[in-house]
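Visitor: Sequences listed follow chains A and B, in order.
Heads up: the first sequence begins at 1 in our numbering, then just goes up one per residue.
Heads up: the second sequence begins at 1 in our numbering, then just goes up one per residue.
For the record, the hints were derived by calculation from the structure and aren't laboratory data.
Remember, it's a predicted structure, so these values are computed and weren't measured experimentally.
One thing to keep in mind: the hints can contain errors.
Heads up, simulated DSS-like pairs for lysine-lysine below, C-alpha to C-alpha not over 30 Å straight-line [what the hints assert, rightly or not]: (1) A:K394 / B:K170; (2) B:K170 / A:K471; (3) A:K464 / B:K213; (4) A:K479 / B:K170; (5) B:K213 / A:K426; (6) A:K207 / B:K215; (7) A:K335 / A:K388.
Cβ pair distances, simulated, as ranges [stated by the list, open to error]: (8) B:V194 / A:A124: 57 to 65 Å; (9) B:A189 / A:I451: 44 to 52 Å; (10) B:A189 / A:N448: 48 to 56 Å; (11) A:G251 / B:H413: 51 to 59 Å; (12) B:E374 / A:K269: 22 to 30 Å; (13) A:K269 / B:A111: 50 to 58 Å; (14) B:E269 / A:P436: 48 to 56 Å; (15) B:S76 / A:A395: 50 to 58 Å.
Here a beta-carbon is modelled for each residue, glycine too, at the ideal position from N, C-alpha and C.
Chain by chain, the residues run as shown.
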Amino acid sequence: MFRSLLILVLFLFVPALPAAEPLHLRINRLIPVAANPADDAEFLRRVTLDLAGTIPTAEETKRFLADRSPDKRTKRIDELLTAPSYAPRMASLFHVMWMERLGDSPEWTKYLTDSFAKNKPWDAIAKEMLRADGTDGSSFFIAKRLENYGQNPVDYSGLTRDIGRLFLGKNFQCCECHDHLTVDEYKQQHFQGLFAFVRNAYLADAKAMRVAEKPTLDKLAFASVFTKVPMTTAPALPGGAMVEIPQFAKGDEFAIKPDRKTNTVGVPKFRTLAALAEQLPTASNADFSRNFVNRVWFLLLGRGLVHPLDLHHKDNPASQPAVLELLAKEFVEHKFDIQWLVREIAMTQAYQRSSLGTAKPESFAFALEKRLTAEQLLAAMMAATESKPSDALKAKFLKAFANQPREPEDEIAPSLKAALFLLHDKDVLELLKPKPGNLVDRLARVDNTEIIANELYVAILTRKPTADEAKTASNFLAKRNDRKADAIGKLAWALLASTEFGLNH
Amino acid sequence: MINPFCTPADHRLNRRAFLGAAALGGLATPAFAEALRKERRQVLFVWLDGGISQLESWDPKPNTIFGGPFRAIPTSVPGIHISELLPETAKQMHRLALVRSVCTQDNSHSAGVDRIQRGDPKNRGVVYPYLGSAMARWLGPGTSGLPPYIWVKPMNGGFIYKDAGFLGPKYGALALGDGKPPENLLRPAEISEVDDAERNELRELADKRYAEKRKADTTDANSYAFAMAAQLQKRVELFDLSKLPEKDRDRYGSHDLGRHLLLARRLLEEGVTFVKVTSYGWDTHGDNFNGHASLVPKFDKPFAAMIQDLADRGMLDNVLVIAMSEFGRTPRINGHLGRDHWPEAWSVCMGGRGIKPGVVAGKTNEKGTDVATEPHDIGHLFHTWFRALGVDPEKQKYYNATQPLPIAHEEMHPVKEVLA
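Just chain A, same shape as in the assembly (with noise of 0.2 Å):
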């Protein structure tokens, strides 16, 4: 009896399998359950915006709440993956994180939707934007960096802080003159040996974003302002060894030599960018992966493991320590393969919970809102109001909600502009007359209130109103029939400028 007890208990505990076991479910073992899972509407309004950017039309909701079968939210993840508008999402939420509002290219962009479109993996992306001498748009990251803004000089500090923390989560900017004065881990050497790799950089022509490099043929000389100790470093990655220069004849330094005469621009035979492409992109490079799956992780859930995203060190830890490596770990293992951490992400109990209650953000329990970018608000708009998006509209979305240039985009503050725009942009009150086939034009021919009132939560917040919702609506427009068009314009003007809609819940 005990025996056999024992057996049981032994087969209950035997671990499955871990190369068998989906990882969304491994996390879910170690994050908590404690809120209800979200409802049928609010994970596909949720899923649809961090997937495809935008909110699912009136009609897809319906098709999707009147789905019976169990496996339908796995389904619309797997759709949303291998929908066209998959590329374009990731391209524009990535182009945000890396970009922070420095600007655009469409070449850029074009780069960016290609690769997600290939699912080209994170290590071969982060290599062609570093080494940036790449015709197809990949030197973006890079060039617009090198620009001269304004008056300025070029920011090669900026550019050294950004690689630092956009690659590797660690944001060295302090370290720029001594030692970090709160993060022991986090040392002067580290931003001069990454700065030792851009420094020598240029942005050869400004409208092709063609990078070149002058030869590094010396380490970099600097010194702590409190120390004044004279030190020097190559190129380094932070923690990690110096990379050898080598070292050539005089007039020997370059495999292209640079010549005035005929406009050739000179490329060396030691160049130092190749050299941090090929160094930090890497399965060893426990930062880089760390900080890769930490982003994606706060752009599906809010907040990252690691928060402030880019002050990964030990006394500011995961957390969820567990869960960041396992991520991190799978991630390599599945050789930087984007798609599958965004599908593993989306799958776990933590993604797909209901946003209702309170409790710590960082212990995951229940969703965290997040704010919608721009370009998720107008597509969004566009889509709630069954309108088409123009360039122009798509310029003054920018300019209204978009966060200032080099403002990361991982807080984004209701404004005082924005606020206006939405009060009394001529386009935007537009959206909300019966034009043919908008939204307005179609329930404005509908007869019964309730049905309107159910149309319009639908199609802009993606969901059915509660009662008392329904209850407001109807009354609103049962005092105003007289003039109907202009009373559903209203309704769905409170509700395109409510908190609910310019959130992801």
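Keeping the supplied structure of chain A fixed, place chain B upon it in accordance with the hints.
Guide: Frame of chain A; chain B shown alone:
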């Protein structure tokens, strides 16, 4: 109730959200408004861009080699003389103070404006806020419901975030180009007041319902932006100076600086924390004397009217007034009868809240070429202004994420002679 999950580390790590919440205190109930008005701390910052000549304004040196053609005149304070180009301001001297020992670092405009308005702290690899953003941070939005930092300037307006530096865009300036209201402020004619009230009521109800089962922070932040929009709209008349008594318009003048200073007075009366008024065109490398003969009176009349009006309204107890440029002008007169940039020895005028009226601190040598007393850099002036407004730079610090930063240059101190 204090949020049990809220640790000091949360505040440190979530700087912007924390500051955002703190700024929501802006809309207080009317019951406290009057009491709070007395506690108001405000600033009027008049910026004469390009560099007013100290010799043709606050520190004249008549009958000396570099003195130029203008005389010095007595003021309402026995013993203090200023340029004859400032007759009206001379009558207000008993309400003002001068620092004639200003000695700063930068003699180029692009670097100078930035450096002066940011208070030129030691370089720590971060971008410091302009004075307006700094004061928005330390003094808060007050009870006006209007943005704490408003900049009245010629030409374009907009939302100028770069002034805020590391404090973040919330502390940027709302710039009123040519005194005109911000973009989209005016409700299009097609929406009646009733329509507008109706749709906003629906919006507020939607927000209230959304917030019922969630933390209120997110909806509060949205409501704050819409409330500020509503407040500003109610004050559309602020931007319409034609409604003011003709006498006021005459006293301030119909030129840009006059109209903009009059608008500034109205904004200060409404309780705006920091109002900056910029006047361009003071960079008189050529024909300095005709230039100043034309420019200085355009400053003198409305500035003196402003001081008188603030005094009449009891507002000099609340409002710190500063008038300055990015540097002074060279004593040496160049070949084009102009004066060039001179940060080595120049003057700043101030008054009102926390400032000792009717005094002069420091002096320049006989020819006006150098400071003859202890030289005062912009850091000293920042210390002075913070003190005048009751903000102690020894005790208060900025936090840029985890990095503590002094609010004014830590090796400098206030100009005690001008502090009340």
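Visitor: Taking each numbered hint in turn, which are not upheld by the structure, reported in ascending numerical order?
Guide: Per hint list: 2, 4, 5, 6, 7, 9, 10, 12 and 13 violated.
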